[in-house]
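Make the full structure from the sequences, and use the hints.
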Amino acid sequence: MDLLDDLNPQQLAAVTLPDEPALILAGAGSGKTRVLTTRIAWLIQTGRVGPAGVLAVTFTNKAAREMLTRIESMLPINTRGMWVGTFHGLCNRLLRAHHRDAGLPQTFQILDVQDQLSSIKRLIKAANVDEERCPPRELQFFINSAKESGRRAADLSAGGHDRRWIELFAAYDAQCQREGSVDFAELLLRSVELLTRQQALREHYQERFRHILVDEFQDTNALQYRWLKLLAGKTRPIFAVGDDDQSIYRFRGANVGNMSDFQREYDVRQVIKLEQNYRSHGNILDAANQLIGNNVRRMGKRLWTDAGPGEKLRLFEAGSDGLEAAWIVEEVRDLQRHGARLLDIAILYRANAQSRVIEHALFNSGLAYRVYGGLRFFERAEVKHALAYLRLIANSDDDVSFARVVNFPPRGIGARSVEQLQQAARAAGTSLFGAIAAVGGRAGASFAQFSKLIGELRAAAAGQSLAELVEETIERSGLMAHYRGEKDGADRAENLAELVNAAAGFVREQESDTGAGVPVAGDAGAQPSASVHDAALHSFLAHAALEAGDNQAGAGQDALQLMTVHAAKGLEFDTVFLTGLEEGLFPHENSLSEADGLEEERRLMYVAITRARRRLNLSFAQSRMLHGQTRYGLRSRFVDELPAKTITALTPRLRAGFATAAEAGPYETRGSAWRRSDWPAGAAGNGSGHGAGAEQGTGLRIGQGVRHARFGDGVVVRLQGSGSDARAQINFGAFGVKELLLAVAKLQTS
DNA sequence: GGAGACTGCGTTTTT
DNA sequence: CGCAGTCTCC
1196 MDLLDDLNPQ QLAAVTLPDE PALILAGAGS GKTRVLTTRI AWLIQTGRVG PAGVLAVTFT
1256 NKAAREMLTR IESMLPINTR GMWVGTFHGL CNRLLRAHHR DAGLPQTFQI LDVQDQLSSI
1316 KRLIKAANVD EERCPPRELQ FFINSAKESG RRAADLSAGG HDRRWIELFA AYDAQCQREG
1376 SVDFAELLLR SVELLTRQQA LREHYQERFR HILVDEFQDT NALQYRWLKL LAGKTRPIFA
1436 VGDDDQSIYR FRGANVGNMS DFQREYDVRQ VIKLEQNYRS HGNILDAANQ LIGNNVRRMG
1496 KRLWTDAGPG EKLRLFEAGS DGLEAAWIVE EVRDLQRHGA RLLDIAILYR ANAQSRVIEH
1556 ALFNSGLAYR VYGGLRFFER AEVKHALAYL RLIANSDDDV SFARVVNFPP RGIGARSVEQ
1616 LQQAARAAGT SLFGAIAAVG GRAGASFAQF SKLIGELRAA AAGQSLAELV EETIERSGLM
1676 AHYRGEKDGA DRAENLAELV NAAAGFVREQ ESDTGAGVPV AGDAGAQPSA SVHDAALHSF
1736 LAHAALEAGD NQAGAGQDAL QLMTVHAAKG LEFDTVFLTG LEEGLFPHEN SLSEADGLEE
1796 ERRLMYVAIT RARRRLNLSF AQSRMLHGQT RYGLRSRFVD ELPAKTITAL TPRLRAGFAT
1856 AAEAGPYETR GSAWRRSDWP AGAAGNGSGH GAGAEQGTGL RIGQGVRHAR FGDGVVVRLQ
1916 GSGSDARAQI NFGAFGVKEL LLAVAKLQTS
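Residue 1196 is where the first sequence starts when you use my numbering, and the numbers rise one by one after that.
The set of hints was computed from the structure by calculation and includes no laboratory data. Among the hints, a few may not be true.
Said to hold, decoys possible - Quick list of the computed label-pair ranges, beta carbon to beta carbon: (1) A1643 / F1558: 44 to 52 Å; (2) E1681 / R1358: 40 to 48 Å; (3) E1506 / N1203: 18 to 26 Å; (4) T1430 / R1373: 38 to 46 Å; (5) E1506 / V1702: 44 to 52 Å; (6) G1635 / F1558: 52 to 60 Å; (7) R1373 / G1561: 54 to 62 Å; (8) A1548 / E1693: 27 to 35 Å; (9) G1242 / G1658: 45 to 53 Å.
Claimed, not checked - Result set (DMTMM-like, lysine to aspartate or glutamate): computed pairs, CA atoms no more than 25 Å apart in a straight line: (10) K1429 / E1470; (11) K1647 / E1667; (12) K1316 / E1261; (13) K1507 / E1767; (14) K1429 / D1214; (15) K1424 / D1350; (16) K1468 / E1667; (17) K1647 / E1670; (18) K1316 / E1327; (19) K1507 / D1529; (20) K1429 / D1296.
Where is the CB? At the ideal position from N, CA and C, for every residue including glycine.
See the structure below:
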């Protein structure tokens, strides 16, 4: 059977496991996705299950798509009946099909994080609560945490929580219910409640889904686990794939404990470990294994490869963050000279703020780069504005959207008018839109005009394609004209135009197949939708909320890949630069006070290391500009946890640094081959201007040795100001650290 | 209603 | 330092 060709024994065992609960511990690069998809294909091919009996859950849309693509390439079957998607996408599908039983309008809107926040802000204002006493973000976190642990306001006791918060939680849920909107956590909670309450429905799905497969199981939260258990019932096997060593989302509610709970609760007989790694060379894996071995709470796993040791890891100590960036530029150029593509090189960091210095250096060097993790397409303000109009067309009671665009583009409806309308709405118990008739005067006339616009767009929609509706909406709402008239609005206007394309593309995809996250008629208990166009619009809006879209265009271009370690999870690169390996930054200082915080940081480091296929470059800086001031960091403890024999330490020509000599503690350099550093002329200047303040023009840089007539030999630890105000802090050892005005002080460089 | 000053804040973030 | 969100004044 060619499906099973080339699987290693453990993979084969996992793929062909009998129908029983299974836990697959899949190490980084061990062929996890392959096992998951081959398992599905094998189950179908051997007739153990039909496509409609498969439920496969992932966390990201990308992973879900990848899974579908692979299955389709393995089997000549229609994946239409299969439920493959994200937790949220599948919940959306479930709730659309059974909206009545779930107590929702069929047209319920999905609130993304921003929508939810503005909804909460509106609520706080309406309840006359002081935002100081109740920060919206904190309330949002409170509500989401509660929901993700399966609790509603009624389930919370006042003890421990502020009673006001619980009241606001209840009021928020009531507001969402009234407006027909559902936040991300609600999608899950509503589904869990629906399945818990409706026995017949639950049994229907338990009967239907004969095999349930879960990806990245270590990232599931309490509610998602409950959801899985409800669908599996007592009989259906769950095939859970995960890696406890790659659990890095605890701060978002993920509970690694689900893995051992699952093992216990389902009496999993055999945990299959996938430990053969097909990604990285030996030295990289040795480093990863030794590092993660320092974690106490593990299920236990050791990656190995038959690819040979490969290159050693390289460790670079930079004088400053700017110099670290300059070094990366040099190294990248070197790799390029040896034929490497930029696309295969990643620069990773712990926190987004670190990217700026690196971007600066890359920009000046002319190297192409792409930063992941910014605003995504459907999260952009202009796109959200357009979507708000579309949502109003779909459901005029959507107050979130109403408030967002009633005066955007500006049409003379101010805060006072909106307040007036809000009062009228509250008095009459209607939505904002529904209260328009109750407002008189000039404000009333403005509102009526807005209402007319929405009504006309809705009427026109009946005879239009989705793309035409989108286009007409952005034109007649005035959005397009607004951005065209703005001096920096060209990009935004372009994004609006792109939204029309996105709508057209979406419809095309719908027609060719039925992807996850789309309401499907024909499921048990499904209620037919009102009209074809309505359905298309609603699907599109759900799609926009559930899939934020690509980070940016140009993904395939040959450019360096910059991202946080979190964002790199699941990806791999020939060469990885892992930067900012300093105490306080990685591991992050905030994590040290949390229980299990250090272990999670170490798992993060483990994820970072295992991204590299051939080359892994580690770096840290003696000084780093953070929050407007220079900080001196020590080398990360994680660096010292790596096996010395896998590392080559590099050094810049001038290593006499303040941090090194006086503060860095045990600083012997390990590894053997010291590299004769070949700084390009002016490299120090390159990294300046940004990281280390006034390096430029002073002829000095951090870490440089200098001689003063009175204080003797010293080391530059900080530079600030420029021109005649340029000053340097210099450590003169016995004389202490002095701040000198460079225009005055006579310094000799040494 | 909107541009420009002012303040406060600063891990990570699949949906 | 750089930004996002708020405030103030026209």
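Hint by hint, here is what the structure shows:
Separation of A1643 from F1558 is about 51 Å and conforms to the stated range, judged on CB atoms against 44 to 52 Å. Against the hinted window of 40 to 48 Å, the Cβ-Cβ separation of E1681 and R1358 comes to about 46 Å, which satisfies the hint. Remark: the range hint 18 to 26 Å for E1506 to N1203 is upheld by a beta-carbon distance near 25 Å. For the hinted restraint 38 to 46 Å between T1430 and R1373, the CB-CB distance of approximately 40 Å keeps it satisfied.
Look at E1506 against V1702: about 49 Å separates their beta carbons, and that is inside 44 to 52 Å. Between G1635 and F1558 the beta carbons are some 56 Å apart, a value that agrees with the proposed interval 52 to 60 Å. For R1373 paired with G1561, a C-beta distance near 55 Å keeps the hint of 54 to 62 Å intact. In this structure the supplied range 27 to 35 Å holds for A1548 paired with E1693, their Cβ-Cβ distance being about 29 Å.
One distance hint, 45 to 53 Å for the beta-carbon pair G1242 and G1658, holds here, with the actual separation near 47 Å. For the suggested pair K1429 and E1470, the alpha carbons sit about 30 Å apart, so the restraint of at most 25 Å is broken. Taking the CA atoms of K1647 and E1667, the gap is near 15 Å; set against the 25 Å cutoff, the hint holds. Restraint check for K1316 and E1261: the C-alpha separation of about 37 Å exceeds 25 Å, so the hint is violated.
Note on K1507 and E1767: the hinted pairing holds, with a Cα-Cα distance of about 18 Å set against a maximum of 25 Å. The suggested pairing of K1429 with D1214 holds, with an alpha-carbon distance near 13 Å, which does not exceed 25 Å. For the hint pairing K1424 with D1350, the CA-to-CA distance comes to about 21 Å; that is within 25 Å, so the pair holds. With a C-alpha separation of about 55 Å, the suggested pairing of K1468 with E1667 is violated against the 25 Å cut-off.
Proximity of K1647 to E1670 is assessed by CA-CA distance (about 15 Å); at most 25 Å being required, the pair is judged to hold. Note on K1316 and E1327: the hinted pairing holds, with a Cα-Cα distance of about 12 Å set against a maximum of 25 Å. A hinted pair counts as satisfied when its Cα atoms are at most 25 Å apart, and K1507 with D1529 qualifies at roughly 17 Å. A threshold of 25 Å between alpha carbons decides the hint, and for K1429 with D1296 the separation of about 23 Å falls inside it, so the pair holds.
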